[in-house]
Amino acid sequence: MMVARREVWAQDQSLRLYRNGIGELEAEKNRETIGKVRLVLTFPVTKPEGYISVRSALDQEVHFILSLDELDKKSQSAAREELQRSYLIPEIIKIMGIKRRGRNWLWEVETTYGRISFRIDQPQESIDFLSENDYTIKDTEGRRYVLRDITRLDKQSKLYWNKIN
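Residue numbers (the numbering used here): 7 to 171.
No wet-lab data here; the hints were simulated from the structure. The beta-carbon is built from N, C-alpha and C at its ideal position, and this holds for glycine as well. Possibly wrong hints are sitting among the right ones.
[Stated by the list, open to error] SDA-like cross-link-like pairs, simulated, lysine to any residue; straight-line CA separation at most 20 angstroms:
(1) Lys144 to Leu112
(2) Lys144 to Thr48
(3) Lys144 to Glu116
(4) Lys80 to Gln90
(5) Lys53 to Leu136
(6) Lys105 to Asp127
(7) Lys164 to Ser132
[As the list claims (entries may be wrong)] Cβ-Cβ distance ranges computed for the label pairs, FRET-style:
(8) Arg106 to Gln66: 39 to 49 angstroms
(9) Tyr119 to Lys169: 22 to 32 angstroms
(10) Ser62 to Glu97: 24 to 34 angstroms
(11) Asp155 to Gln128: 19 to 29 angstroms
(12) Leu112 to Lys42: 38 to 48 angstroms
(13) Lys35 to Asp160: 41 to 51 angstroms
With the hints as extra help, turn the sequences into a complete structure.
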């Protein structure tokens, strides 16, 4: 059976990424077939387009990408598409409510993927500082959310933020 492939070559021609006939990401390195691969961000929040491990089906690293800039435009596009599938991290754009319930905090927020409710444990354990105004929030289920530039939040959202921060 002939399988259609969308081929993507790295600029140095040592790594080739392509989607097989059922949409899985596969790779060849130095013209040797690796097969199905997955991309793993080693710094998923702080460096979303760098430090990417290309891993085989046996979870062995077969290539390491320092920056997507190393790749040609088609490779960058394929990598971004794959990373988006694997690392869906909603960005909080508005805080509609934060209430304390026992040792949990209940959040109601508007994100880039719609309205979401979640709960966190103690803020000092669940909120990580990224930069001066950027944070990640990990809920009790292990999902992550990013809050970028808290100075851009509306007045009510800032009041909720200051309630827990």
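* Could you tell me whether the CB distance from Tyr119 to Lys169 stays inside 22 to 32 angstroms? => holds (24 angstroms)
* To do: Note whether the CB distance of Arg106 and Gln66 lies within 39 to 49 angstroms or breaks it.
  => Distance hint for Arg106, Gln66 holds at roughly 45 angstroms.
* Asked: Does 24 to 34 angstroms hold as the CB distance between Ser62 and Glu97, or does it fail?
  -> holds (32 angstroms)
* Is Lys105 close enough to Asp127, meaning Cα to Cα at most 20 angstroms? -> holds (12 angstroms)
* To do: Could you say whether the range 38 to 48 angstroms given as a hint is met by the Cβ separation of Leu112 and Lys42?
  => Taking Cβ atoms as reference, Leu112 and Lys42 lie about 40 angstroms apart, which means the hint holds.
* Would you mind confirming whether the straight-line C-alpha gap from Lys144 to Glu116 stays at or under 20 angstroms? => holds (16 angstroms)
* To do: For the pair supplied as a hint, Lys164 and Ser132, confirm whether the alpha-carbon distance does not exceed 20 angstroms.
  => Holds, at about 18 angstroms.
* Does the Cβ-Cβ separation between Lys35 and Asp160 fall within 41 to 51 angstroms? -> Holds, since Lys35 and Asp160 (Cβ atoms, about 48 angstroms apart) stay within the stated range.
* Regarding the pair Lys144 and Leu112, is the alpha-carbon distance no greater than 20 angstroms? -> With Cα atoms ~12 angstroms apart, Lys144 and Leu112 stay inside 20 angstroms; holds.
* Asked: Is the straight-line distance between the alpha-carbon of Lys80 and that of Gln90 20 angstroms or less?
  -> holds (15 angstroms)
* Asked: Hey, Lys144 versus Thr48, does the alpha-carbon distance stay inside 20 angstroms?
  -> The given pair, whose Cα atoms are some 17 angstroms apart, holds under the 20 angstroms limit.
* For the pair we were handed, Lys53 and Leu136, check the Cα-Cα distance against 20 angstroms. => At roughly 11 angstroms apart (the allowed maximum being 20 angstroms), Leu136 and Lys53 satisfy the hint.
The structure is consistent with each of the numbered hints, conforming to all of them.
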